[in-house]
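Asker: Sequence:
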Amino acid sequence: MKKLDASGRKVLKIIHLIMAGLWIGGAAALLLMVLILDSAESGGELLGYDLARQFVDDWVIVPGALGCLISGLLISWLTPWGFFRHRWVAVKLPLTVVCILFGTFVLGPKVNDQPPLSTLYGLKALTSPDYIANRMDNLIGGTVLLAAIVFMVVISTVKPWKSAAGSKNSPKDA
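Quick note on numbering: the sequence shown equals residues 1 to 174 in my numbering.
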């Protein structure tokens, strides 16, 4: 397969960075929104927070995460970086997949469970065991997920390990 030229690589990197910005920004926003739920003064306000969190999850985090995965796969496939030439790339791919699966199957359902609870119980949802458990899971899981995403940004920037072949990253790989 023919590799992309320099301008094609730049376009893919730009797309990848935009998607990473959506993913990390959405994850940080969701985490911060979990922290402010106690400030709700009515059931309607709590429902608004929960619906906003659901919106951020569905329309910011999901596209950002999937966009990162797709653009990262394309960068690895269509550039000389490859999938396994550099350890930092080889670490990012499975970590990205794990983060997406964790967000999809663990955190996402908990975000989606909150609006029906706040609709049913109003402000009293803040004392509901299910609501409290979902909130705590989102707080802990969201913190772990955000840390993993930040870690991926750091290793993408620092490129901390030598390549799998034993040579250092070349300047044109940076």
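Any given hint could turn out to be false.
As the list claims (entries may be wrong) - If you anchor each label on the Cβ, the simulated ranges turn out as follows:
(1) F105 with A29: 38 to 44 Å
(2) L93 with I14: 35 to 41 Å
(3) L74 with T104: 17 to 23 Å
(4) G48 with L139: 45 to 51 Å
(5) F151 with Y121: 34 to 40 Å
(6) I132 with T157: 35 to 41 Å
(7) F151 with I18: 18 to 24 Å
(8) V153 with T127: 20 to 26 Å
(9) I132 with K10: 44 to 50 Å
(10) S42 with S156: 18 to 24 Å
(11) K124 with I18: 15 to 21 Å
(12) P94 with E45: 37 to 43 Å
To be verified - Quick list of in silico lysine to any residue cross-link-like pairs, SDA-like style, CA-CA up to 20 Å:
(13) K92 with P80
(14) K110 with A28
(15) K110 with I24
(16) K3 with I70
(17) K10 with W59
Everything labelled a hint here was simulated from the structure, so no lab data went into it. Note that the structure is a prediction, hence the values are computed from the model and not measured. In this text, a Cβ means the ideal position worked out from N, Cα and C, and glycines have one as well.
Asker: Does each hint fit the structure? Answer for all of them.
Answerer: Evaluated hints:
A hinted range of 38 to 44 Å is violated for the C-beta pair F105 and A29, which are about 21 Å apart. L93 and I14 have their C-beta atoms about 20 Å apart, which leaves the hinted 35 to 41 Å range violated. Between L74 and T104 the beta carbon distance is about 21 Å. The supplied range of 17 to 23 Å therefore holds. In this structure the supplied range 45 to 51 Å is violated for G48 paired with L139, their Cβ-Cβ distance being about 19 Å.
Take F151 and Y121: their Cβ atoms lie about 37 Å apart, and the range 34 to 40 Å holds. Separated by about 37 Å at the C-beta atoms, I132 and T157 satisfy the suggested range of 35 to 41 Å. Checked against the hint of 18 to 24 Å, the pair F151 and I18 passes, with Cβ atoms roughly 19 Å apart. Between V153 and T127 the beta carbon distance is about 37 Å. The supplied range of 20 to 26 Å is therefore violated.
Distance hint check: the CB atoms of I132 and K10 are about 47 Å apart, consistent with the given range 44 to 50 Å. The given range of 18 to 24 Å is broken by S42 and S156, whose C-beta atoms sit roughly 43 Å from each other. The given range of 15 to 21 Å is broken by K124 and I18, whose C-beta atoms sit roughly 41 Å from each other. The given range of 37 to 43 Å is respected by P94 and E45, whose C-beta atoms sit roughly 40 Å from each other.
Straight-line distance between C-alpha atoms of K92 and P80 comes to about 16 Å, which keeps the hinted pair within the 20 Å bound. For the hint linking K110 to A28, the alpha-carbon distance of about 16 Å falls within 20 Å, and the restraint holds. Restraint check: the Cα-Cα separation between K110 and I24 comes to about 19 Å, which is no more than 20 Å; the hinted pair holds. With a C-alpha separation of about 16 Å, the suggested pairing of K3 with I70 holds against the 20 Å cut-off.
Between the alpha carbons of K10 and W59 the distance comes to roughly 25 Å, so the proposed pair goes past 20 Å and is violated.
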